[in-house]
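Participant: Full structure from sequences and hints, please.
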Amino acid sequence: MRFYFYWCILLSLSLQACYFIHHDVTIDNTSSKKLAIEIDQEKFILSPKSFLEVKISNGNHQVVVRDDSSHQVLKKWPKLGIYKDGLLNICANEYIIQNNRFVNFESVNIKEIPDHTLVLNGYTYQGNLSKTSADKVFIEKCWDRGLDEDITNIEEVNPAHKTLVKIYRIEDFEKDFLRNVR
Numbered sequence: 304m305r306f307y308f309y310w311c312i313l314l315s316l317s318l319q320a321c322y323f324i325h326h327d328v329t330i331d332n333t334s335s336k337k338l339a340i341e342i343d344q345e346k347f348i349l350s351p352k353s354f355l356e357v358k359i360s361n362g363n364h365q366v367v368v369r370d371d372s373s374h375q376v377l378k379k380w381p382k383l384g385i386y387k388d389g390l391l392n393i394c395a396n397e398y399i400i401q402n403n404r405f406v407n408f409e410s411v412n413i414k415e416i417p418d419h420t421l422v423l424n425g426y427t428y429q430g431n432l433s434k435t436s437a438d439k440v441f442i443e444k445c446w447d448r449g450l451d452e453d454i455t456n457i458e459e460v461n462p463a464h465k466t467l468v469k470i471y472r473i474e475d476f477e478k479d480f481l482r483n484v485r
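The opening position of the sequence shown corresponds to residue 304 in the numbering used here, with each subsequent residue numbered one higher.
Keep in mind that the hints were calculated from the coordinates and are not lab data. Values in this document were obtained by computation on a predicted structure and should not be read as measured data. One should not assume that every hint holds.
[Unchecked claim] Cut-off 27 Å, straight-line C-alpha distance, at most; resulting in silico cross-link-like pairs (DSSO-like, lysine-lysine):
no. : residue 1 : residue 2
1   : Lys382    : Lys346
2   : Lys434    : Lys382
3   : Lys439    : Lys358
4   : Lys439    : Lys378
5   : Lys378    : Lys358
6   : Lys379    : Lys352
7   : Lys336    : Lys382
Facilitator: Here it is in structure tokens:
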């Protein structure tokens, strides 16, 4: 009987803990319009070409995107599951994930470093790159550096991992790549 009582209390606390888990979510507006985003009736306004960091509770959410001036519904997801930190891709864009690995070339076999070819707007890029799908509404976080964070400060790289992962909008990736090549 005592075991059953303690088990019920433990189960109750576990369920309550799941309810109070919140995730860091970036809402990205890459459009040229001011957008109003409603997540479970909580409203956020995003200027054109901007993003917003919010905390969202664990679970399914109703997400509605409206044009802020006309209030016309542009997109609606009645049951969007958010169970990790990530990016809410409300404008159906593709993003570049760049995994920068910092190595001592004398101690590493160069064949161990992944090399992918990516073609963007007629230009070919090589490196440890991947592109997300435009139809992916929620992109789970796998990066260390967000949309506005610089990747050039390698002193912050964790020596145990020796990697730094960055997410880019495609146009930002192209600008950053061209800036670093010159």
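Participant: Please go over all the hints and tell whether each is borne out by the structure.
Facilitator: Status of the hints after comparison with the structure:
1. Lys382 - Lys346: Holds. Lys382 to Lys346 sits at ~17 Å (cutoff 27 Å).
2. Lys434 - Lys382: With a Cα-Cα distance of about 25 Å, the restraint between Lys434 and Lys382 holds, given a limit of 27 Å.
3. Lys439 - Lys358: Answer holds: Lys439 to Lys358 is near 20 Å, not above 27 Å.
4. Lys439 - Lys378: Judged against 27 Å, a Cα distance of about 13 Å means the pair holds.
5. Lys378 - Lys358: 21 Å, holds
6. Lys379 - Lys352: Status holds; Cα separation ~20 Å.
7. Lys336 - Lys382: 25 Å, holds
Figure legend: structure checked against the earlier numbered hints; every hint is met.
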